[in-house]
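There are 2 protein chains.
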Amino acid sequence: MIIDCHGHYTTSPRQHEAWRTEQVTAHGEGRPAPPRPAIRDDEIRASIVNGQLRLQRERGTDLTIFSPRAAGMGHHLGDATTSEAWASACNELIHRVCSLFPQNFVGVCMLPQTAGVSPRNCIAELERCVLQYGFVGCNLNPDPSGGYWKDPPLGDRYWYPLYEKMVELDVPAMIHVSAACNPAFHTTGSHYLNGDTAAFMQCLTSDLFKNFPTLKFIIPHGGGAVPYHWGRFRGLAQDMKLPPLSDLLLRNVFFDTCVYHLPGQELLTRVIPLENILFASEMIGAVRGIDPETGHPYDDTKRSIEQLPLAPGDKAKLYEGNALRVYGRLSAQLAKQSAR
Amino acid sequence: MIIDCHGHYTTSPRQHEAWRTEQVTAHGEGRPAPPRPAIRDDEIRASIVNGQLRLQRERGTDLTIFSPRAAGMGHHLGDATTSEAWASACNELIHRVCSLFPQNFVGVCMLPQTAGVSPRNCIAELERCVLQYGFVGCNLNPDPSGGYWKDPPLGDRYWYPLYEKMVELDVPAMIHVSAACNPAFHTTGSHYLNGDTAAFMQCLTSDLFKNFPTLKFIIPHGGGAVPYHWGRFRGLAQDMKLPPLSDLLLRNVFFDTCVYHLPGQELLTRVIPLENILFASEMIGAVRGIDPETGHPYDDTKRSIEQLPLAPGDKAKLYEGNALRVYGRLSAQLAKQSAR
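Chains as they are written, first to last, in our numbering: chain A, 251 to 590; chain B, 251 to 590.
Hints are not guaranteed to be accurate.
Straight-line alpha carbon distances no greater than 27 angstroms define the calculated BS3-like cross-link-like pairs of lysine-lysine that follow [claimed, not checked]:
| # | chain 1 | residue 1 | chain 2 | residue 2 |
| --- | --- | --- | --- | --- |
| 1 | B | 400 | A | 400 |
| 2 | B | 565 | B | 415 |
| 3 | A | 460 | A | 400 |
| 4 | A | 552 | B | 552 |
| 5 | A | 491 | B | 552 |
| 6 | B | 586 | B | 565 |
| 7 | B | 400 | B | 460 |
| 8 | B | 552 | B | 565 |
Worth flagging that the hints you see were computed from the coordinates, not collected in a lab.
Given the sequences, and given the hints that come with them, work out the whole structure.
Have a look at this one:
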C-alpha cells in the first residue's frame, strides 16, 4: 500500500471557502457569522473524483492522509470563536470526504488555534475529530500569528496540555503553518519552509521529547532546510553538548517527502534514516505545474522516489510501514474504513 | 587563489564587544555611551593569527572577505544612533584587520540599520567604508527587527536608495540577518537559514532586478532551503508565469557554500549553476566542532568541495572567478593591498 501522508482539501466546494470570507467579514464588522452553507454529497464527490482521487489513480498511490487546506486555516484571522467555528466546518468536510471514499482517505484535523490563546482550547476539537470522526492526527501550527511568530516555541509548556491529549489519544501532529499575513513571507515559498526549519530547531533546543517520549511530529516539505543542512544541525547539537540527533530527536521527529525534484529526494533519503521518512506529495497543493526538465508534475514525488536506489524493504517503510507506525491509530482506522 | 567570501570577525578583542554591551545599556538608561575602548594592533593581530589566519593556512585558503560578526550586528538593539556608532566601530576594526593582513583579508561592512528607519540612513557608512577603507561589499539585514520581520520585503522601494548607492559603487550585498531576539528562532539554527529562504523568495516575487539589472546579492548558508527545494521554486515561478529562474534571478543572485556536510555540497553544486556559487566557510562561525563522521571540522567546506567531481575550470570559478566577478571592486582592491 502506498500512503501519502500529506494531502489537503484544496479543491473543496466553492461555498465552503465563500462562507469563510463571510465569516471573517462578519467578525470584523461585529456581526454574527451567517449560517453555514449546504454542501451536497455529490459536490464533494465531484471535487474529489476530479481532483485527488484522479491523481491517486494516475500516480498509483492508494491512500491519502487528508486534512483541511493548510493556507486556509488562517489562525491569524478573527478570534478564538471564529477559529473554532472554521475548524469545525473544515474538519466536518474532511470527515465527509473520508466517509464517501473510505478506501482512499483517512482524516487529520486542523486545530482551532489563535495567536495568544492557550492550545488547551484545541483539545475538545481534537478529541471530537479522533473519537467521533476516526481521524488519526492533527496539523499543529507553530505560528498562529501568520508570520510574526508571536507564540512560544513548541518546546514551551504553553503547548503541553495539547501534547498530553495527543499522547493520550496516540495521534501525531504534522507541524504546518498556515498563510503568511506578513509581507516578508511568501506563504508556500518561504513561510512553509521556514516554519519547518524553525519547528525542528525548537525541538532540538528543548526537552520536549524527554517529557513526552511518545509524542510524534511530522515535519513536512521534506523538513524545510533541515536535511540539506543536516551537518549544521548535527554540529550545532554537538556544540551544545547534546546527544546525537538520532538519539535526541529521531524517535519523535519524522520528515515527509514533499521535495519537488530528484536531487532533493536523493539528499533526503541519503541523509535522514529511512525509518524517519514518510511518503507524501501534498498534491493538489503548492506547485501544480509540469516540470519541463522531466515532463512530469513537480509534485509527483512518487516518480522521483521510484528512481532512488532503495532496497524493497526500505521503500515499503517509506511508502507504508513508517506511516502505520507514526500514525498509531491508522491500522485500526483502515480496518474500520475498509469494512464499510 | 581560494577566496572565502564569508568570514566574520567572531574573535575580536574582548573590549570591543564589552563596549557594545555598555553602549546598549547606556542607551536603555538614557545615558550617552561611554568612550570607545582602545584596542592595540597586537591585540587584533593575536585574535587573527590564532584564529582566522591559522585556519586559512591549515585549510589552504588564501583570502577571506571579512565582515563584522553577523549575530553581533544587533540591529534591533537601541536606535539609529546606536546602530551608527556600533557599525562605525565594527567596520573600523575590520579595516584595521585588513590593513594589518592585507594579503589575507578584504573588508565588507555591516550597515547601521534599524527596524523602521529608512535604509537611506546606511548610505553614508557604505560610502565611507567603500571609498575610504576599500571595502568591496556590505552585509544587508533583511530583518533588522531580529525575527519579527517588520520591515518591507527586499523588493520594496523602501530599500531602493541603498540599492542605488550599491550599484553606483559596484558593491554587492550579502543578505544576512543578525541575532534573533524572537524566542521562536535559534539564531544560527533557524533564523539565518530562514532569512536566506525568505530573501530569495522576496527577490523571486519582485521586479527588483528589472529595475537594478546590475545589483548583486549573495545568499549565504548555501542559500538556506533554496537549492534543496529548487524544484519547488522553479515550479512556483512557473505557476506565477514568471521566466525560468536562470533568467529571472541568476544574473543577480548567488549562493555561498556554507553547507556543513558533503551531501549538501553535492546537491548545491548539482542543482545551482557553478557560475552562481561562491566558495565560503563562515569560519570561525556557527559550527565549530569536529564532525565525528569525517574526523574533520564541520565548517571545513573546502574539504567537501575537493571531493566533488568538478572540472578544474568549474572549481576555479567557485574558488575565485565568481568572487572576482560578483565583487566588482575586488580585483583592484587586491592589487592595491598586495602592493603594501
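Okay, the hints, checked on the actual structure:
Of the pairs offered as hints, the one joining residue 400 of chain B and residue 400 of chain A holds, with about 13 angstroms between alpha carbons and a cut-off of 27 angstroms not exceeded. Note on residue 565 of chain B and residue 415 of chain B: the hinted pairing is violated, with a Cα-Cα distance of about 32 angstroms set against a maximum of 27 angstroms. Our distance criterion of 27 angstroms between C-alpha atoms is met by residue 460 of chain A and residue 400 of chain A, whose separation comes to about 25 angstroms. About 34 angstroms separates the Cα atoms of residue 552 of chain A and residue 552 of chain B, which puts this hinted pair outside 27 angstroms; it is violated.
With a C-alpha separation of about 26 angstroms, the suggested pairing of residue 491 of chain A with residue 552 of chain B holds against the 27 angstroms cut-off. With a C-alpha separation of about 26 angstroms, the suggested pair residue 586 of chain B and residue 565 of chain B falls inside the 27 angstroms cut-off, and the hint holds. About 25 angstroms separates the Cα atoms of residue 400 of chain B and residue 460 of chain B, which keeps this hinted pair within 27 angstroms; it holds. With a C-alpha separation of about 11 angstroms, the suggested pairing of residue 552 of chain B with residue 565 of chain B holds against the 27 angstroms cut-off.
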